[in-house]
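S.K.: Assemble the whole structure, with the sequences as input and the hints as a guide.
Residue strings, one per chain:
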Amino acid sequence: MAGKAKGVRRSKPRAADLTADNERLRAEIAERRKAEALRDEFLSIAAHELKTPLTSLRGFAQLLVRQLDKDETPDPMRLRQALSAIDQQSSKLARLVNQLLDVSRIDAGRLRLERKVADVVGIVEDVVATARVNSFRHEFTVRAPSGALALVDPLRLEQVFRNLVDNAIKYSPDGGPISIEVDKNREAGVVRVAVTDRGLGVPPEHRGRIFDRFHQAHPERAIGGMGLGLYISRQIVELHGGRIEAEYPDEGGTRLVVTIPSGAVGGRA
Amino acid sequence: MSRRRVLVVEDDETIGELIEAALTENYDVAVAGGGETGLELAARFKPHLVLLDLRMPGLDGRGFAAKYRKKTRRPAPIAVITAVRDAPQAAAALGAQGFLAKPFDLGELLNLVARLAKG
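So the sequences go chain by chain: U and D. Residue numbers for the first sequence follow our numbering, so the first one is 1 and each next one is one higher. Residue numbers for the second sequence follow our numbering, so the first one is 1 and each next one is one higher.
Be aware that a few hints might be false.
[What the hints assert, rightly or not] Some chain D residues well away from chain U (every beta-carbon gap over 12 Å; in silico):
#1 Arg5
#2 Glu10
#3 Leu39
#4 Ala66
#5 Arg69
#6 Thr72
#7 Leu94
#8 Gln97
#9 Lys102
[What the hints assert, rightly or not] Computed cross-link-like contacts, DMTMM-like style, restricted to lysine to aspartate or glutamate with a CA-CA straight-line distance of at most 25 Å:
#10 Lys70/U x Glu108/D
#11 Lys170/U x Glu245/U
#12 Lys51/U x Glu108/D
#13 Lys51/U x Glu40/D
#14 Lys170/U x Asp105/D
#15 Lys92/U x Glu25/D
#16 Lys70/U x Glu17/D
#17 Lys51/U x Glu17/D
#18 Lys170/U x Glu108/D
[Said to hold, decoys possible] Label-pair restraints from in silico Cβ distances:
#19 Glu40/D x Gly224/U: 20 to 26 Å
#20 Glu247/U x Leu110/D: 49 to 55 Å
#21 Leu79/U x Asp105/D: 30 to 36 Å
#22 Arg24/U x Arg85/D: 31 to 37 Å
#23 Asp86/D x Lys70/U: 33 to 39 Å
#24 Asp86/D x Pro13/U: 24 to 30 Å
#25 Gly107/D x Lys116/U: 48 to 54 Å
#26 Leu43/U x Glu40/D: 33 to 39 Å
#27 Ala66/D x Gly224/U: 20 to 26 Å
#28 Glu40/D x Val97/U: 32 to 38 Å
#29 Ala92/D x Glu41/U: 19 to 25 Å
Because the hints were derived from the structure by calculation, they are not lab data. None of these values were measured; they are calculated from a predicted model. Positions of the beta carbon are idealized from the N, C-alpha and C atoms, including for glycine.
M.R.: Okay, structure coming up:
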């Protein structure tokens, strides 16, 4: 109804209330700007990361086409080098795109697990076998029981372990030992996997944020990556009802520990 | 004329291999995986052109360019090869003589090198 309501007195807003409102709005604006700056920085890093494998894919493909156009038979060694590069870089690109899709799934609450009974030790061993092929500069050791069955999504868990091992490699740029331990605790009904490196570690000021989205522990070193791996890993582990924690050994490096419930099958393996 | 020498300073191993494979038919190519190694190689290899990535661990492209120019009597032209958003601006800020934005076309790379490695 239009017009002044009879008997209702409008009190003037108090100066103190206005000041509080202004402060709240200023804080909101500052928060929003911070989020926008973070998003812009992320987009810039993501574009950079995606362009790097694309450059090799495009370049090696064009190199082969140029040779064929000149009616030259590519030297078998060169042909192998080009095709291997195309293969590896397309895998790298696929991993980056999958990370972006995972973040989108997490945001929408659509990251789902397909659980089945799987041997966590087998998953870890597969991940380490691939890492050994890809890095000759690191010395991998695995300490694990003969098996540790758990009700998990094996592909998603493999993604977590691969990410932890890749991080250990990436943040140990001078090589060095990387140890992976698997323990099963039947009483507690959990399986624990710890990945330890002796690399750069995490500076104390970054330690509280390493599982945050877009966060990079060593932004100044341009090590690469989008700052999504540990964020996605934490989501996957928590969907399993588990937890992921970081420890910083006195002798340096980083130790990341994943603890997941073994589910109904915990006692059998 | 003897073959011209091109130094590639690029931390992505595969892109370094790509550029080497593309240029090796007509140029002598040396590849450094970072700024520090790039400086050591530059002193020995005495390139006619430096192809330089910007974002690298350790000594980055900017740091390399500053040190290289300071310690070299007649520094070679530098062409920036980068995935940063504004490649022309980044190249200008560095005082580079040329640039290529990743992902680049192989023809563009060959033209750039032919233009700048003339001496």
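S.K.: For every hint, state whether the structure bears it out.
M.R.: Hint check results:
Taking the minimum C-beta to C-beta distance to chain U, about 21 Å, the non-interface status of Arg5/D holds against the 12 Å cut. Distance check on Glu10/D: its Cβ comes as close as 10 Å (rounded) to a Cβ of chain U, failing to clear the 12 Å threshold; non-interface status is violated. Every CB of chain U lies more than 12 Å from the CB of Leu39/D, the least distance being 17 Å, so the non-interface label holds. Separation of Ala66/D from chain U is adequate, the least Cβ-Cβ distance of about 17 Å exceeding the 12 Å criterion.
Every CB of chain U lies more than 12 Å from the CB of Arg69/D, the least distance being 21 Å, so the non-interface label holds. Against the 12 Å criterion, Thr72/D stays outside the reach of chain U, whose nearest CB is about 24 Å from its own CB. No Cβ of chain U approaches the Cβ of Leu94/D within 12 Å, the least distance being about 16 Å, so the stated non-interface status holds. For Gln97/D, the requirement that its beta carbon stay farther than 12 Å from each beta carbon of chain U is met, with the minimum near 21 Å.
With a least CB separation of 4 Å from chain U, Lys102/D falls inside the 12 Å interface cut-off, contrary to its annotation. Distance check on the hinted pair: Lys70/U and Glu108/D sit about 18 Å apart at the alpha-carbon level, within 25 Å; holds. Simply put, Lys170/U and Glu245/U have alpha-carbon atoms about 19 Å apart, close enough for the 25 Å limit, and the pair holds. With a C-alpha separation of about 16 Å, the suggested pairing of Lys51/U with Glu108/D holds against the 25 Å cut-off.
Among the hinted pairs, Lys51/U with Glu40/D is inconsistent with the structure: their alpha-carbon atoms are about 28 Å apart, more than 25 Å. Proposed proximity of Lys170/U and Asp105/D is contradicted: the alpha carbons are some 29 Å apart, above 25 Å. Restraint check for Lys92/U and Glu25/D: not satisfied, since their Cα atoms lie roughly 29 Å apart, outside the 25 Å limit. For the hint linking Lys70/U to Glu17/D, the alpha-carbon distance of about 21 Å falls within 25 Å, and the restraint holds.
With a C-alpha separation of about 16 Å, the suggested pairing of Lys51/U with Glu17/D holds against the 25 Å cut-off. The suggested pairing of Lys170/U with Glu108/D is violated, with an alpha-carbon distance near 32 Å, which exceeds 25 Å. Under the hint 20 to 26 Å, the C-beta atoms of Glu40/D and Gly224/U, about 23 Å apart, fit the expected range. Evaluation of the 49 to 55 Å hint for Glu247/U and Leu110/D yields a pass: the beta carbon distance comes to about 51 Å.
As the Cβ distance of Leu79/U to Asp105/D is approximately 21 Å, the hint placing it in 30 to 36 Å is violated. For Arg24/U paired with Arg85/D, a C-beta distance near 34 Å keeps the hint of 31 to 37 Å intact. Checked against the given bound of 33 to 39 Å, the beta carbons of Asp86/D and Lys70/U, roughly 35 Å apart, stay inside it. Against the hinted window of 24 to 30 Å, the Cβ-Cβ separation of Asp86/D and Pro13/U comes to about 47 Å, which falls outside the hint.
For the pair Gly107/D and Lys116/U, the supplied restraint of 48 to 54 Å holds, since their beta-carbon distance comes to about 51 Å. With their beta carbons about 35 Å apart, Leu43/U and Glu40/D fall inside the hinted range of 33 to 39 Å. Our hint of 20 to 26 Å for Ala66/D and Gly224/U holds, since their Cβ atoms are close to 23 Å apart. Between Glu40/D and Val97/U the Cβ separation comes to about 37 Å, which falls inside the hinted range of 32 to 38 Å.
A beta carbon spacing of about 22 Å between Ala92/D and Glu41/U agrees with the range 19 to 25 Å that was offered as a hint.
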